[in-house]
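> Here the protein sequences line up with chains A, B, C, D, E, F and G, keeping their order. Just so we're on the same page, this note's numbering is the position in the first sequence counted from 1, plus 1. Just so we're on the same page, this note's numbering is the position in the second sequence counted from 1, plus 1. Just so we're on the same page, this note's numbering is the position in the third sequence counted from 1, plus 1. Just so we're on the same page, this note's numbering is the position in the fourth sequence counted from 1, plus 1. Just so we're on the same page, this note's numbering is the position in the fifth sequence counted from 1, plus 1. Just so we're on the same page, this note's numbering is the position in the sixth sequence counted from 1, plus 1. Just so we're on the same page, this note's numbering is the position in the seventh sequence counted from 1, plus 1.
Read the hints as simulated data drawn from the structure, not as lab findings. Take these hints with a grain of salt, some might be off.
Distance ranges between label pairs, derived from CB positions [claimed, not checked]:
1. G:His76 / D:Ser32: 48 to 56 Å
2. B:Pro18 / G:Thr49: 38 to 46 Å
3. C:Ala66 / B:Thr22: 31 to 39 Å
4. C:Asp29 / E:His76: 16 to 24 Å
5. E:Ser72 / C:Ser85: 22 to 30 Å
6. C:Glu89 / D:Val43: 36 to 44 Å
7. A:Ser19 / C:Ser85: 56 to 64 Å
8. G:His76 / F:Arg65: 28 to 36 Å
9. F:Glu42 / A:Asp17: 42 to 50 Å
If you want the footprint, here are the derived chain B segments under chain A, 3+ residues with CB under 8 Å [unchecked claim]:
10. 15-22
11. 29-42
Cβ atoms here follow ideal geometry from the backbone N, Cα and C, with glycine treated the same way.
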Amino acid sequence: MTPIRRLVLDVLKPHDPSVVTFTTQLGDLESIEAATATVIEVDESVKTLRVTIEGENLDLERIRAEIEDLSASIHSVDQVSCGSRTLEDPWL
Amino acid sequence: MTPIRRLVLDVLKPHDPSVVTFTTQLGDLESIEAATATVIEVDESVKTLRVTIEGENLDLERIRAEIEDLSASIHSVDQVSCGSRTLEDPWL
Amino acid sequence: MTPIRRLVLDVLKPHDPSVVTFTTQLGDLESIEAATATVIEVDESVKTLRVTIEGENLDLERIRAEIEDLSASIHSVDQVSCGSRTLEDPWL
Amino acid sequence: MTPIRRLVLDVLKPHDPSVVTFTTQLGDLESIEAATATVIEVDESVKTLRVTIEGENLDLERIRAEIEDLSASIHSVDQVSCGSRTLEDPWL
Amino acid sequence: MTPIRRLVLDVLKPHDPSVVTFTTQLGDLESIEAATATVIEVDESVKTLRVTIEGENLDLERIRAEIEDLSASIHSVDQVSCGSRTLEDPWL
Amino acid sequence: MTPIRRLVLDVLKPHDPSVVTFTTQLGDLESIEAATATVIEVDESVKTLRVTIEGENLDLERIRAEIEDLSASIHSVDQVSCGSRTLEDPWL
Amino acid sequence: MTPIRRLVLDVLKPHDPSVVTFTTQLGDLESIEAATATVIEVDESVKTLRVTIEGENLDLERIRAEIEDLSASIHSVDQVSCGSRTLEDPWL
Numbered sequence: 002m003t004p005i006r007r008l009v010l011d012v013l014k015p016h017d018p019s020v021v022t023f024t025t026q027l028g029d030l031e032s033i034e035a036a037t038a039t040v041i042e043v044d045e046s047v048k049t050l051r052v053t054i055e056g057e058n059l060d061l062e063r064i065r066a067e068i069e070d071l072s073a074s075i076h077s078v079d080q081v082s083c084g085s086r087t088l089e090d091p092w093l
Numbered sequence: 002m003t004p005i006r007r008l009v010l011d012v013l014k015p016h017d018p019s020v021v022t023f024t025t026q027l028g029d030l031e032s033i034e035a036a037t038a039t040v041i042e043v044d045e046s047v048k049t050l051r052v053t054i055e056g057e058n059l060d061l062e063r064i065r066a067e068i069e070d071l072s073a074s075i076h077s078v079d080q081v082s083c084g085s086r087t088l089e090d091p092w093l
Numbered sequence: 002m003t004p005i006r007r008l009v010l011d012v013l014k015p016h017d018p019s020v021v022t023f024t025t026q027l028g029d030l031e032s033i034e035a036a037t038a039t040v041i042e043v044d045e046s047v048k049t050l051r052v053t054i055e056g057e058n059l060d061l062e063r064i065r066a067e068i069e070d071l072s073a074s075i076h077s078v079d080q081v082s083c084g085s086r087t088l089e090d091p092w093l
Numbered sequence: 002m003t004p005i006r007r008l009v010l011d012v013l014k015p016h017d018p019s020v021v022t023f024t025t026q027l028g029d030l031e032s033i034e035a036a037t038a039t040v041i042e043v044d045e046s047v048k049t050l051r052v053t054i055e056g057e058n059l060d061l062e063r064i065r066a067e068i069e070d071l072s073a074s075i076h077s078v079d080q081v082s083c084g085s086r087t088l089e090d091p092w093l
Numbered sequence: 002m003t004p005i006r007r008l009v010l011d012v013l014k015p016h017d018p019s020v021v022t023f024t025t026q027l028g029d030l031e032s033i034e035a036a037t038a039t040v041i042e043v044d045e046s047v048k049t050l051r052v053t054i055e056g057e058n059l060d061l062e063r064i065r066a067e068i069e070d071l072s073a074s075i076h077s078v079d080q081v082s083c084g085s086r087t088l089e090d091p092w093l
Numbered sequence: 002m003t004p005i006r007r008l009v010l011d012v013l014k015p016h017d018p019s020v021v022t023f024t025t026q027l028g029d030l031e032s033i034e035a036a037t038a039t040v041i042e043v044d045e046s047v048k049t050l051r052v053t054i055e056g057e058n059l060d061l062e063r064i065r066a067e068i069e070d071l072s073a074s075i076h077s078v079d080q081v082s083c084g085s086r087t088l089e090d091p092w093l
Numbered sequence: 002m003t004p005i006r007r008l009v010l011d012v013l014k015p016h017d018p019s020v021v022t023f024t025t026q027l028g029d030l031e032s033i034e035a036a037t038a039t040v041i042e043v044d045e046s047v048k049t050l051r052v053t054i055e056g057e058n059l060d061l062e063r064i065r066a067e068i069e070d071l072s073a074s075i076h077s078v079d080q081v082s083c084g085s086r087t088l089e090d091p092w093l
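Let the sequences and hints guide you as you build the complete structure.
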């Protein structure tokens with residue numbers, strides 16, 4: 002199976018755990034090389050994050066399970082890049 | 002025949018299979034080096050993806066067949082780049 | 002004669018042949034190193050493409066003949082770059 | 002634990018200490034390689050800063066304590082990047 | 002005299018000769034290394050081109066004479082760069 | 002103390018001394034490697050400059066004293082970057 | 002004295018001499034490595050140019066005298082960069 006190199010996820014997270022705890026816990030997953038969370042919107046009880054993850058062979062189900070363990074949820078998958086290298090979308 | 006180096010496709014996909022399954026299955030095709038799907042629009046029963054694919058010699062008909070096997074369809078071809086290298090459009 | 006290095010053409014194409022067939026047939030012309038077609042507009046019976054072509058010594062008349070053989074036509078020439086190298090327009 | 006490589010913080014700071022004192026004191030923390038504060042808004046008694054911090058292994062709690070020692074407070078965390086390298090958000 | 006390295010000219014050209022003939026004839030002038038014409042506006046009897054020319058030592062009067070031999074005229078000079086290298090305008 | 006690598010200052014300057022005298026006098030300070038002043042606004046008796054200064058170890062108080070010796074004043078500090086290297090703000 | 006590396010000048014010039022004569026005459030001054038004039042506005046009797054000049058050690062008074070010898074005048078100085086290297090303004 003061709004490996005997933007990058008995922009961009011729209012994540013809903015309660016205020017606890019914090020963005021830092023959330024991102025570093027996520028980054029602890031074995032297959033993840035680097036993770037960046039940008040806060041997009043802050044509502045009363047929830048934050049919307051755009052989470053970019055890169056690695057040699059990402060496993061979305063383990064990432065989803067970890068995100069749910071952290072009391073958050075994937076609202077949508079915004080971008081998936083797979084293959085022998087990361088490929089940029091020329092329209093972005 | 003001059004090889005196709007990049008295709009940018011506008012794809013309509015039902016919610017199942019997921020964007021990740023769709024992109025990695027597509028990326029498994031022999032001629033594909035890397036594939037990136039960006040979600041452009043989410044409607045009730047369908048997602049619109051912009052799918053960028055690069056490889057040494059892409060075969061659109063095999064890509065189309067695979068996309069249809071994945072219950073999705075190519076709504077339109079947005080860009081085709083072929084020849085001895087990938088060539089950027091200077092207006093984009 | 003100074004060689005043409007890049008042409009950017011505004012092309013009107015009926016829906017048949019497809020953008021992929023059109024671009025790869027065009028790319029098969031001897032002098033063309035790489036060709037990229039971006040779809041700009043889709044009307045009922047015709048597509049408007051911006052076609053970027055690079056090569057060591059492009060021949061517009063052979064390119065025009067090939068485009069017409071493919072049932073399409075050059076609506077306008079948007080950019081021509083010639084000389085010992087490709088030169089970018091600093092205003093673009 | 003995967004190391005934090007970059008933090009972008011929205012900070013509220015009274016006019017005293019100055020932005021320069023604030024940023025260099027913060028930059029003195031052991032784990033911080035470089036810190037940049039950009040002034041975003043100036044109100045009667047408070048300044049809003051966007052503070053970007055990079056290092057090999059940042060410690061938000063020590064950073065927060067230092068910021069509070071400097072009479073300022075973190076209004077929100079705007080971005081966290083962690084892992085074996087800094088990862089850019091492709092949408093920014 | 003310090004050599005001219007780049008000229009950007011606003012040129013009015015009747016529909017005949019074509020943009021390709023115009024640009025390659027111009028590019029044939031001895032001092033010109035590369036020339037790029039971008040079509041800016043198309044009116045009933047005339048096209049407006051932005052013509053960018055680079056060379057080691059450009060001669061505007063020979064370029065103007067050649068442009069007039071090609072039935073076109075320089076409407077205005079938009080940029081001149083001269084000296085030991087090409088220098089970009091930091092505001093563009 | 003962690004060294005200041007870049008300062009961006011909003012400076013109000015009377016018409017005399019000139020921007021050139023002002024910037025070169027400022028650039029003469031020992032710790033300054035390079036200084037760039039961009040004129041942002043011109044009012045009847047005063048000019049607003051955005052002054053960017055880089056060096057290995059900038060001293061704001063000496064810079065402020067020099068600016069005041071030149072009859073100008075720092076209206077605000079817009080950015081401070083300190084540490085072992087200059088760090089860009091990812092939102093700018 | 003710290004050397005001036007770049008000047009950006011807003012220059013008013015009568016239609017005669019031409020932009021090309023003006024820029025190359027200016028570029029002939031000993032200390033100037035490269036000069037680029039971009040035409041910003043054309044009025045009935047005058048053109049407004051943004052003139053960018055780089056060199057190892059620019060002398061504004063000699064440049065001003067030369068500009069006045071060429072029947073033009075410096076309307077304003079838009080940017081001055083001095084020191085051991087050219088420094089970009091991060092807000093531009």
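> Decide, hint by hint, whether the structure agrees.
Hints, one by one, checked against the model:
| no. | hint | result |
| --- | --- | --- |
| 1 | G:His76 / D:Ser32: 48 to 56 Å | holds (50 Å) |
| 2 | B:Pro18 / G:Thr49: 38 to 46 Å | violated (60 Å) |
| 3 | C:Ala66 / B:Thr22: 31 to 39 Å | violated (45 Å) |
| 4 | C:Asp29 / E:His76: 16 to 24 Å | violated (40 Å) |
| 5 | E:Ser72 / C:Ser85: 22 to 30 Å | holds (26 Å) |
| 6 | C:Glu89 / D:Val43: 36 to 44 Å | holds (41 Å) |
| 7 | A:Ser19 / C:Ser85: 56 to 64 Å | holds (58 Å) |
| 8 | G:His76 / F:Arg65: 28 to 36 Å | holds (30 Å) |
| 9 | F:Glu42 / A:Asp17: 42 to 50 Å | holds (46 Å) |
| 10 | 15-22 | holds (count 3) |
| 11 | 29-42 | holds (count 9) |
The structure shown violates the earlier hints numbered 2, 3, 4.
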